[in-house]
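Here are the chains, one letter per residue:
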Amino acid sequence: EPEVTQTPSHQVTQMGQEVILRCVPISNHLYFYWYRQILGQKVEFLVSFYNNEISEKSEIFDDQFSVERPDGSNFTLKIRSTKLEDSAMYFCASSSYRINSPLHFGNGTRLTVT
Amino acid sequence: GENVEQHPSTLSVQEGDSAVIKCTYSDSASNYFPWYKQELGKGPQLIIDIRSNVGEKKDQRIAVTLNKTAKHFSLHITETQPEDSAVYFCAASSTDPGTYKYIFGTGTRLKVLA
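These protein sequences, in sequence, are chains A and B. Be aware that the first sequence starts at 1, since it is given in the numbering used here, and climbs by one per residue. Be aware that the second sequence starts at 115, since it is given in the numbering used here, and climbs by one per residue.
Excised from the complex, chain B in its bound form (with noise of 0.2 angstroms):
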């Protein structure tokens, strides 16, 4: 079935430094890929998203990054402040005739230190 591996589990940087978390999605058939951030005791909220026409796109301090032949995407995180801090999931759409759900990665759980 379908699978989306997400890459660290978890992640310490220093408050300023940049975080990168990876994700690796098997469905070829897969179009979008939203990112999420979920703090402590509340639902995940969207972060970005991206579409399988774009290769790039950025927000802020946040940029997500998809290599569509190498099945992968990622999230960049520039100039991290102690806010950031949280639980990080990445998810592909599942496009199987029929269907339509979004499969979740593991999740990272990110610390940045001050």
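Here chain A stands alone, though its shape is the one from the complex (with noise of 0.2 angstroms):
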């Protein structure tokens, strides 16, 4: 079953340093998602993304934060200058449909700023 991949599992990064996760989503998908979820706490929304640009973004989403497909396969979450608040889990999703279509997670990408 195809499925989303994400490099690199586990990140560590100094505070201010620039990062960028990388996610591989599922080929015939057109909507790519980034959401986060810090340790013990819910998965939040962060950036939807669909025919290369921004469909919408949540309040975490702010100027650090920017995403890019930059071919036909990858999607990237860039944080410009990272903070310790950053430290989390990252998901990137994909789905077939923009309503009611399930999101398709890859396994993550653990930030640690230190």
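Hints are computed from structural coordinates only; laboratory data are not their basis. There may be inaccurate statements among the hints.
As the list claims (entries may be wrong) - Computed list of lysine-lysine pairs in DSSO-like fashion (alpha-carbon distance at most 27 angstroms, straight line):
| hint | chain 1 | residue 1 | chain 2 | residue 2 |
| --- | --- | --- | --- | --- |
| 1 | B | Lys156 | A | Lys78 |
| 2 | A | Lys42 | B | Lys172 |
| 3 | B | Lys151 | A | Lys42 |
| 4 | B | Lys156 | B | Lys171 |
| 5 | B | Lys136 | A | Lys42 |
| 6 | B | Lys171 | A | Lys42 |
Unchecked claim - Okay, the calculated bits of chain A under chain B, using three or more residues with CB under 8 angstroms as the criterion:
| hint | region |
| --- | --- |
| 7 | 41-53 |
| 8 | 102-113 |
Built from N, CA and C at the ideal position, the CB exists for glycine as well.
Both chains are sitting in their own frames, so use the hints and assemble them into the complex.
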């Protein structure tokens, strides 16, 4: 069964550094998402992406964050200048349709900011 | 804003017993309700979903019920097994005009005791 893959599985960075989290969504999916999960807490929406542009973003997704689909397969999340509170699991997800369609999640990247 | 409440936060059951997890949503326009299972170190995996035109759906040992009037939906797992131990998240679609995303509950840590 096709799956969403994310790299790296764990990223450690120093405060103020830039990080790029990478995702390869399921190949025939059209909608892409990033979610965040702080340890032990719920899964929070960050951003959705369709047709090479952001569809929607949450208040968490401020100017420090950006997303890009640089080629036909990768979908990246960049955090420009990391803060301690950015430490979390970051999940990429994709779906076939925009509405009433299951999200397929990757296994996540654990970001640790020191 | 939209909100999904989930109870209980932790649940321990004996192997073979049933487990029930309940969620309440606030957006009366929500019409799609997926349930995800998250095992340690992995991303959430869809286990069952229900649409608002259906009151109940069953898949082997797992069932979901939806009460649109009360804005409640529940996950039922029968004949629980140790491999059912995981964190379970409910979610509801948010259909504010011009946006679409899932709002997740806070999660239930299910422990099945052998």
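How the hints compare with the structure:
{"no.": "1", "hint": "Lys156(B) <-> Lys78(A)", "result": "holds, 21 angstroms"}
{"no.": "2", "hint": "Lys42(A) <-> Lys172(B)", "result": "holds, 25 angstroms"}
{"no.": "3", "hint": "Lys151(B) <-> Lys42(A)", "result": "holds, 13 angstroms"}
{"no.": "4", "hint": "Lys156(B) <-> Lys171(B)", "result": "holds, 26 angstroms"}
{"no.": "5", "hint": "Lys136(B) <-> Lys42(A)", "result": "holds, 15 angstroms"}
{"no.": "6", "hint": "Lys171(B) <-> Lys42(A)", "result": "holds, 25 angstroms"}
{"no.": "7", "hint": "41-53", "result": "holds (count 6)"}
{"no.": "8", "hint": "102-113", "result": "holds (count 7)"}
In terms of the numbered hints stated before, the structure departs from none.
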